[in-house]
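S.K.: Line by line, the protein sequences give chains A and B.
If you count the first sequence from 1, position 263 lands on 263 in our numbering, and the numbers rise without skipping.
If you count the second sequence from 1, position 200 lands on 200 in our numbering, and the numbers rise without skipping.
For the record, the hints were derived by calculation from the structure and aren't laboratory data.
Fair warning: there could be bad hints in the mix.
If several chains are the same, the list does not tell them apart, and a pair holds so long as it fits within one copy or across any two.
In silico DSS-like cross-links for lysine-lysine, where the CA-CA straight-line distance does not exceed 25 angstroms [stated by the list, open to error]:
1. Lys76 with Lys365
2. Lys334 with Lys365
3. Lys342 with Lys191
4. Lys358 with Lys191
5. Lys191 with Lys357
6. Lys342 with Lys357
7. Lys358 with Lys334
8. Lys350 with Lys191
9. Lys357 with Lys204
10. Lys357 with Lys334
11. Lys191 with Lys204
12. Lys364 with Lys342
13. Lys191 with Lys334
14. Lys191 with Lys364
15. Lys204 with Lys334
16. Lys76 with Lys358
17. Lys204 with Lys342
18. Lys334 with Lys350
19. Lys358 with Lys342
Protein chains: 2
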Amino acid sequence: MSRSEATIPASAVTAFAVILAGGGGTRLWPSSRRARPKQLLTLGGSESLLAAAVRRARAVVGLERTLVVTAADQEKQIRAAVPALPAANVIAEPTPRNTAPAVGLGAVAAARRAGPDAVIAVLPADPFIGDDREYERLLRAAIAEARETIVTIGITPTRAETGFGYIHLGSPTGARPHGARVHDVGAFVEKPDRATAEAYVASKSYLWNSGMFFLTARRMFEEARRHLPALADVLDAAVAAPDEAAAAAVVRARYAEAPSISIDNGIMERAGGLRVLPGDFGWNDVGSWAAVAAIRPADDRGNVVLGGATLVDGEGSLVIADEGAPFVGVVGVKDLVVVATKDAVLVVPKSRAQDVKKIVEAAKKSGRHDLL
Amino acid sequence: MSRSEATIPASAVTAFAVILAGGGGTRLWPSSRRARPKQLLTLGGSESLLAAAVRRARAVVGLERTLVVTAADQEKQIRAAVPALPAANVIAEPTPRNTAPAVGLGAVAAARRAGPDAVIAVLPADPFIGDDREYERLLRAAIAEARETIVTIGITPTRAETGFGYIHLGSPTGARPHGARVHDVGAFVEKPDRATAEAYVASKSYLWNSGMFFLTARRMFEEARRHLPALADVLDAAVAAPDEAAAAAVVRARYAEAPSISIDNGIMERAGGLRVLPGDFGWNDVGSWAAVAAIRPADDRGNVVLGGATLVDGEGSLVIADEGAPFVGVVGVKDLVVVATKDAVLVVPKSRAQDVKKIVEAAKKSGRHDLL
Chain A
1 MSRSEATIPA SAVTAFAVIL AGGGGTRLWP SSRRARPKQL LTLGGSESLL AAAVRRARAV
61 VGLERTLVVT AADQEKQIRA AVPALPAANV IAEPTPRNTA PAVGLGAVAA ARRAGPDAVI
121 AVLPADPFIG DDREYERLLR AAIAEARETI VTIGITPTRA ETGFGYIHLG SPTGARPHGA
181 RVHDVGAFVE KPDRATAEAY VASKSYLWNS GMFFLTARRM FEEARRHLPA LADVLDAAVA
241 APDEAAAAAV VRARYAEAPS ISIDNGIMER AGGLRVLPGD FGWNDVGSWA AVAAIRPADD
301 RGNVVLGGAT LVDGEGSLVI ADEGAPFVGV VGVKDLVVVA TKDAVLVVPK SRAQDVKKIV
361 EAAKKSGRHD LL
Chain B
1 MSRSEATIPA SAVTAFAVIL AGGGGTRLWP SSRRARPKQL LTLGGSESLL AAAVRRARAV
61 VGLERTLVVT AADQEKQIRA AVPALPAANV IAEPTPRNTA PAVGLGAVAA ARRAGPDAVI
121 AVLPADPFIG DDREYERLLR AAIAEARETI VTIGITPTRA ETGFGYIHLG SPTGARPHGA
181 RVHDVGAFVE KPDRATAEAY VASKSYLWNS GMFFLTARRM FEEARRHLPA LADVLDAAVA
241 APDEAAAAAV VRARYAEAPS ISIDNGIMER AGGLRVLPGD FGWNDVGSWA AVAAIRPADD
301 RGNVVLGGAT LVDGEGSLVI ADEGAPFVGV VGVKDLVVVA TKDAVLVVPK SRAQDVKKIV
361 EAAKKSGRHD LL
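Using the sequences and the hints, build the whole thing.
M.R.: Below you can see the structure in the form of structure tokens.
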């Protein structure tokens, strides 16, 4: 047990991390694919986004209580990517059902091991975190608060982003767990247009919805019963199963009955009494290649060059040669993204990094399903 | 014998094409390499530049009198690229000695087969020719004139190019072989600076030096005797050899004695009485990727996409995926060159296409000799 694991006495609260690692997505194509999802990429760092998420969770809840929920077709790679994790801590959805049922599986595992008062910290696997210490402090604070109600961490916005949902801050509760501020949640609001996003940021009373949620397993089952009863039926049956094999059999047999809905839409936006902790720890959702450029050290002309690519006379550009990629030579470009893998090359201006999907669509249309 | 071969009666002049195909060069890297020189590239066309050069020469002098001089380490690929050519018509330099000695080898072959009054048409293998008919007309005109003196074809400039040598037009001779104009050569002038190039083009009395020369084998030997005696010794001995095997043995044994010098510097700029025919037949030296973009059909936004690459929302760009290259997806770029081969990717603004050499140097420095 590391020093940081010791900072939360087990007597106070038993917490599990439920790391959601089932995502696909093509925003980091060609590096990310269905067969190599974003959370498994290192993006020029020393560990994958998932390995980093597991490392941070371990520091707070311990490795034995770090769970990873993933999709069946990604299970093998996920296990290989975090070999130190106990085998039973990687939980594969029998069939894809979005994040509400996936969180349910984590809650079942936590409740079966430590009882329904165990707190689960629901953590997406794929954001980048710049300040691990601050992040871990907020995790401890949110876990402490989660004994009472559902807690989320909202990210203090650094720009008028239109690609995220926001959380409107309600009144402060006065609590200061681990020094963190705690507010009631005013409301979850959908992705805003540009002007609205700017108003949100200027008001200082909106945070980005990070998708991190903290609640007891019991609360998860109660909310599922209220809002997603078909899911609750499956979860309750799994919790009630006499042993792990029987619980797994219930999930295998009945998981498909659960509705396919996100934890945000299915539970969080419908539940009452939520609290939010503002967090500021270099969170980056790595939602595009432009974001990757922002999380890695740049040279004095703002270039980020990863994986042995060669850039001459560049400015503000991101050039990546993945393992097995051809030699990549780029000269004289400005604000450009060039990413090469062994079977595909992407070239796109940084300002149009979201348009990678147009290339993915083109590859799909031309029958190159091997590239998706 | 085709109709066009018949237009020059053998009784009038026996002419050989001496196609110089020994070049290396990295200006079209990564497609061109030492092991895959520019003249072997198709650049999105249906035939390699060399195959096109052979095809045009054949139309004028016949296949039997079309010779290709190449470097020993390129001989095998050159033969494979023009399989219809008689085996004896591919002549490999035993060791690299630049173009003056290479032309000498062509002159030896012509003289041994048809006597020293045979005309040799010295033709670089790697320019692109847009108008084959007009080019072939000029070839016939230059060959006809070459019975009397050394003739060159100068290209009517279409821009103030600083990368070429120029030929200053002297007085017209009044001759109109095949309808072509003939001038004395005023002077060969070196690559000019920008302002000088602009003045040249404005004056209409300068032509680009195309490196095409026409002269009898006898004249070649005489000029070599005068200006490059060590070369003349080798050529004379090869011409005097009793049979082809003996001639080949002379070349093998003594070619290294010849100085390494270009036909331009070694002979043409030193010889007297030269004539020049202005030519205008869509000549393009394909000296950079920007030039490649100019010789292939563009879409209505000025993009040239070759080899199955995918370009979305591009403008004025050249995107090439060579055989065996990864899938190439480019979106939203302007005036950019992207070239992928199976082992290398180049990205460079069209305006900086000459800077590909910086990448080649970088590859060299990092020990990637396989990419050169």
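S.K.: Between Lys358 and Lys342, at a C-alpha cutoff of 25 angstroms, which is it: within one copy, between copies, both, or neither?
M.R.: both (20 angstroms within a copy, 23 angstroms between copies)
S.K.: At 25 angstroms max between alpha carbons, let me know whether Lys364 reaches Lys342 within a copy, between copies, both or neither.
M.R.: For Lys364 and Lys342, the Cα distance is within 25 angstroms both inside one copy (18 angstroms) and across copies (21 angstroms).
S.K.: For Lys191 vs Lys204, is the C-alpha pair at or below 25 angstroms within one copy, between two copies, both, or neither?
M.R.: Answer is within; shortest intra-copy Cα gap is 17 angstroms, inter-copy 64 angstroms.
S.K.: Using 25 angstroms as the alpha-carbon threshold, which applies to Lys191 and Lys364: within, between, both, or neither?
M.R.: neither (28 angstroms within a copy, 49 angstroms between copies)
S.K.: Classify it for me, Lys191 with Lys357: is the Cα-Cα distance of at most 25 angstroms met within a copy, between copies, both or neither?
M.R.: within (19 angstroms within a copy, 47 angstroms between copies)
S.K.: Are the CA atoms of Lys357 and Lys204 at most 25 angstroms apart within a copy, between copies, both, or neither?
M.R.: neither (32 angstroms within a copy, 51 angstroms between copies)
S.K.: Between Lys76 and Lys365, at a C-alpha cutoff of 25 angstroms, which is it: within one copy, between copies, both, or neither?
M.R.: neither (29 angstroms within a copy, 40 angstroms between copies)
S.K.: Under a CA distance limit of 25 angstroms, which applies to Lys204 and Lys334: within one copy, between copies, both, or neither?
M.R.: neither (34 angstroms within a copy, 39 angstroms between copies)
S.K.: When Cα atoms must be at most 25 angstroms apart, do Lys350 and Lys191 count as within-copy, between-copy, both, or neither?
M.R.: Intra 22 angstroms, inter 39 angstroms, cutoff 25 angstroms: intra-copy only.
S.K.: At 25 angstroms max between alpha carbons, let me know whether Lys358 reaches Lys334 within a copy, between copies, both or neither.
M.R.: Both, since 21 angstroms and 17 angstroms are each at most 25 angstroms.
S.K.: Given a CA cutoff of 25 angstroms, do Lys342 and Lys191 count as a within-copy pair, a between-copy pair, both, or neither?
M.R.: For Lys342 and Lys191, the Cα distance exceeds 25 angstroms both inside one copy (35 angstroms) and across copies (42 angstroms).
S.K.: Check Lys358 against Lys191 for me: Cα-Cα at most 25 angstroms, and say if that holds within a copy, between copies, both or neither.
M.R.: within (21 angstroms within a copy, 45 angstroms between copies)
Violated hints for the displayed structure, listed by number in ascending order: 1, 3, 9, 13, 14, 15, 16, 17.
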